[in-house]
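With the sequences and hints as input, model every part of the structure.
Residue numbers for the sequence shown follow numbering that gives the first Met the number 0, beginning at 0 and rising by one.
Among the hints, erroneous ones may be present.
Below, a list of computed lysine-lysine pairs in the PhoX-like style, where the Cα atoms sit at most 20 Å apart [unchecked claim]:
#1 221 - 78
#2 264 - 254
#3 276 - 265
#4 157 - 334
#5 283 - 87
#6 417 - 26
#7 223 - 78
#8 446 - 463
#9 175 - 157
#10 175 - 334
#11 446 - 264
#12 264 - 283
#13 265 - 283
#14 199 - 283
#15 6 - 421
#16 95 - 26
#17 26 - 476
Hints listed in this document are in silico derivations from the structure and should not be mistaken for laboratory results.
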Amino acid sequence: MDTTVSKSTTRIAILGAGMSGLGAAAKLKEAGYSVIDIFEKSGGVGGTWRDNTYPGCGCDVPSHLYSYSFELNPDWDYKWSLQPQILKYFEDFADKYDVRRHCRFNTEITDCRWNDAANTWTLTDRAGKTYTADVLISGLGQLNIPHTPNFPGLDTFKGAAFHSARWDHSVDLKGKTVAVIGNGPSAVQFVPEIQKVVGKMLSFQRSPAWCRPRGQRAYDAKAKKYFAGADWRINWYRWRIRAFADFGFGAFLQKSPMGLANSMKKMCQKHLEDQVKDPVLREKLTPDFEPGCKRILISDDYYPALCQPNVELLRQGIKAVTPDGVIGEDGQEYKCDVIIWATGFQSTEFLTPMEVYGRNGLSLNQAWKDGAEAFKGLAVSGFPNFFMLYGPNTNLGHNSIILMVEHQIHYMIQCIDKIAEKGVAAIDVTPSAMTAYNVRVQSEIAKTVWASDCHSWYKNEAGKVTNNWYGKTTDYKKETRHPDWTDFEVVEG
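The structure is reproduced here in structure tokens:
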């Protein structure tokens with residue numbers, strides 16, 4: 000097929016200049032597309048790694064695997080990188096691949112509408128300005144909108160209050176009484192850091208999570224020189240990490256092979272027993288569900304921080320906020336100077352608060368009224384020429400999301416090449432293909448611990464697992480190798 004001319008004129012809009020958006024732009028440019036606009040609501044690239052600046056912020060995927068396969072980095076400082084270096088990696092990437100010139104910073108898209116007559120997308124930003132695109136790509140992911148519960152009295156608190164994903168560095172925590180609400184992956188990183196400076200910490204945990212050792216270590220100059228010597232060394236290391244993680248996926252199956260789930264649980268239990276000697280505190284920190292049902296935390300210093308005399312662990316949530324503190328579920332008021340919300344993200348409300356309308360004015364919110372779903376996590380029937388990266392049922396509990404996004408980009412560009420063919424105006428996944436795919440996905444997810452009886456951000460309120468992929472990264476790679484055009488309606492134009 001000859002797409003040379005249309006590739007130079009196909010207008011592509013990408014939402015978000017984070018990991019997904021940057022990678023998509025680089026690969027689209029490599030494929031010959033040049034009319035690319037990246038709409039970024041903030042003032043720079045980096046996405047979640049630009050937004051999250053809390054103390055101790057880092058990645059819970061090994062550095063050499065949390066990077067693009069086509070942009071290796073021999074200079075990682077740590078096995079598990081910290082936020083500043085990860086952000087720099089994406090900033091340097093944007094410069095090297097000349098992506099910044101495609102970015103429209105400080106531009107938040109609030110509304111996207113498919114024009115049935117023109118076979119184009121109309122995007123509207125917060126200022127009311129409109130843009131037209133032939134292809135719309137969401138690189139917004141799953142963890143971009145912080146979730147702050149709307150407790151009674153929230154606006155009455157006299158002290159400082161902020162979400163961990165929007166850390167207020169102007170607030171001095173030294174000597175203060177700080178209430179930390181929540182105990183997810185962010186809390187496990189910042190709690191050990193702020194525990195060293197606060198006067199007292201109140202850690203509210205309605206449900207503790209399993210935690211395994213991190214094994215953090217620095218890469219010295221010798222290691223960096225070794226990696227810099229040849230790409231195959233990094234690729235071999237990446238393959239080992241990926242293969243081991245995919246092998247370990249069996250621990251997340253309800254009928255786990257080779258005792259993997261039991262081994263995971265024993266490792267977590269030993270970590271807790273080794274680091275928490277107080278039996279009462281250890282009991283408070285022991286979950287009542289199997290590892291993996293909620294995201295497993297990774298830390299070497301979280302438990303030791305909770306054991307310090309200036310930390311009080313409260314095995315409960317809160318139900319209200321007062322001018323002087325919070326009301327626990329036990330009805331008692333706990334006074335504090337600062338509240339830090341470690342309450343996660345609106346993970347199941349994909350694309351919130353943006354409005355997306357497809358064919359015949361179909362609202363994506365309406366299409367997803369029973370829970371978000373997509374064809375291969377990428378496309379939604381009734382929304383032509385629209386693709387999502389890190390969309391529904393593509394999250395991982397065991398490996399690097401960048402692997403998944405690269406597979407998605409590979410598949411998506413083949414779809415866009417189809418759109419760019421002469422005589423093709425749009426493609427739209429068929430309802431039957433999307434239904435059959437998601438029936439299979441949910442059937443497979445039912446076999447995992449994510450579908451078991453615990454509350455987690457992997458599920459919506461009805462208990463449907465909308466976030467996670469059901470298998471290994473290699474399974475998803477096979478799933479997204481090539482489009483089957485019988486799964487799509489091709490609109491001529």
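Cross-check of the supplied hints:
no.	hint	verdict
1	221 - 78	14 Å, holds
2	264 - 254	14 Å, holds
3	276 - 265	17 Å, holds
4	157 - 334	11 Å, holds
5	283 - 87	39 Å, violated
6	417 - 26	16 Å, holds
7	223 - 78	11 Å, holds
8	446 - 463	13 Å, holds
9	175 - 157	14 Å, holds
10	175 - 334	11 Å, holds
11	446 - 264	18 Å, holds
12	264 - 283	17 Å, holds
13	265 - 283	17 Å, holds
14	199 - 283	19 Å, holds
15	6 - 421	10 Å, holds
16	95 - 26	13 Å, holds
17	26 - 476	17 Å, holds
Violation of the numbered hints given earlier is confined to hint 5; every other hint is satisfied by the structure.
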